[in-house]
Amino acid sequence: MTRRENILLIATLDTVPLADKVAAELRVVCTPMIRKQFADGEIYHAFPCDVSGRDIVIVGSTHTDEAIQELIDLIAGARYWNARSVNVVIPYLGYSTMERSKPESGEIPKGVTRTRQIFRTRPNYVAFVDLHSEAVLHAHSGEVRTRHLWTETLAAEKIRNMDLKDYVLVSPDYGFSKRVALLAGILKCPHTAANKDRYDVDQTIVSQLSSAVKGKTAIICDDMIRTGGSMLQTADRCYEAGAVDVMVMATHLVLSGDSRERFKEKGIHRIIGADTFPGTHKDDLLEVYSVAPIIASELVHYLRIV
Numbered sequence: 001m002t003r004r005e006n007i008l009l010i011a012t013l014d015t016v017p018l019a020d021k022v023a024a025e026l027r028v029v030c031t032p033m034i035r036k037q038f039a040d041g042e043i044y045h046a047f048p049c050d051v052s053g054r055d056i057v058i059v060g061s062t063h064t065d066e067a068i069q070e071l072i073d074l075i076a077g078a079r080y081w082n083a084r085s086v087n088v089v090i091p092y093l094g095y096s097t098m099e100r101s102k103p104e105s106g107e108i109p110k111g112v113t114r115t116r117q118i119f120r121t122r123p124n125y126v127a128f129v130d131l132h133s134e135a136v137l138h139a140h141s142g143e144v145r146t147r148h149l150w151t152e153t154l155a156a157e158k159i160r161n162m163d164l165k166d167y168v169l170v171s172p173d174y175g176f177s178k179r180v181a182l183l184a185g186i187l188k189c190p191h192t193a194a195n196k197d198r199y200d201v202d203q204t205i206v207s208q209l210s211s212a213v214k215g216k217t218a219i220i221c222d223d224m225i226r227t228g229g230s231m232l233q234t235a236d237r238c239y240e241a242g243a244v245d246v247m248v249m250a251t252h253l254v255l256s257g258d259s260r261e262r263f264k265e266k267g268i269h270r271i272i273g274a275d276t277f278p279g280t281h282k283d284d285l286l287e288v289y290s291v292a293p294i295i296a297s298e299l300v301h302y303l304r305i306v
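With full-length UniProt numbering, the residue at position 260 of the sequence shown is 260, and numbering never jumps.
By construction, these hints were calculated from the structure, which means they are not laboratory data.
All of these numbers come straight from a predicted model, not from anything done at the bench.
The C-beta atom is built at its ideal place from N, Cα and C for all residues, glycine as well.
Some hints here could point you the wrong way.
[Unchecked claim] Once the Cα atoms are required to be at most 25 Å apart in a straight line, the calculated BS3-like pairs of lysine-lysine come out as:
#, residue 1, residue 2
1, LYS214, LYS165
2, LYS282, LYS165
3, LYS266, LYS214
4, LYS158, LYS216
5, LYS266, LYS282
[As the list claims (entries may be wrong)] Pairwise CB distance ranges (calculated):
#, residue 1, residue 2, range
6, ARG262, GLU287, 15 to 23 Å
7, PRO32, SER256, 24 to 32 Å
8, GLU143, LYS102, 24 to 32 Å
Could you put together the complete structure from these sequences and hints?
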């Protein structure tokens, strides 16, 4: 059992807004770290209280190299100051699409190597939200408890609350179709998949789609939107197959470069997603739900918080 008053919940700098929501769900406080930056660019961190014997919960998305390093520093620091346990939640795992390398390519599979660096700081427990690949869960030697949290129930609730009529879920490729089928099962709606091939970094071709979308609103689903290239191609295929409207949904809304403008130009005016990627919030384009409830529920279950 873990006493609620023994929990110290902290966060990497960019993930504080989500950590505040998790803290509210857990009925604890998200405690701010002491941070300073020296003139030469080095970053100073200090815990604001004694962490010895405390159960530390760290919420941190690793969306930048700086965020990855900060998370590593916080875990290592908690270990250094003799925390009772160090428990980590990574809402968005950077480099997660680089979980493997092509034979003889010389590519570095950073999804695995970066996650391994996190594991080597010896946290007791690490939970990830909607991973691109579960390969990273096994990038340790068995000494770290890992957990993969899925957001289908939250996504389904968001779609239901939008009061949409006559819609079909669409996977942009067959690899993601099982996840889409699971969501469709929760929503009791039809689903289909497009045929996608990747030929270069951030370059894909979506070639065909079934007529299941004819006369319906197509909701294209994926784990993340970075440039939006494959989703925009899938949107074209949906319209060609007879869809009357197209929306998109992804857990992690990276939306790099001019992707927002490209979606709007394609006539897509609603993107559904979670608050896992720092800086994501509801606006005229985004319909955002929070993953704080599933994170808090998992922590209560794992730590047996009383």
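Verification of the supplied hints:
{"no.": "1", "hint": "LYS214 with LYS165", "in the structure": "holds, 14 Å"}
{"no.": "2", "hint": "LYS282 with LYS165", "in the structure": "holds, 22 Å"}
{"no.": "3", "hint": "LYS266 with LYS214", "in the structure": "holds, 18 Å"}
{"no.": "4", "hint": "LYS158 with LYS216", "in the structure": "holds, 19 Å"}
{"no.": "5", "hint": "LYS266 with LYS282", "in the structure": "holds, 20 Å"}
{"no.": "6", "hint": "ARG262 with GLU287: 15 to 23 Å", "in the structure": "holds, 18 Å"}
{"no.": "7", "hint": "PRO32 with SER256: 24 to 32 Å", "in the structure": "holds, 29 Å"}
{"no.": "8", "hint": "GLU143 with LYS102: 24 to 32 Å", "in the structure": "holds, 30 Å"}
The structure shown violates none of the earlier numbered hints.
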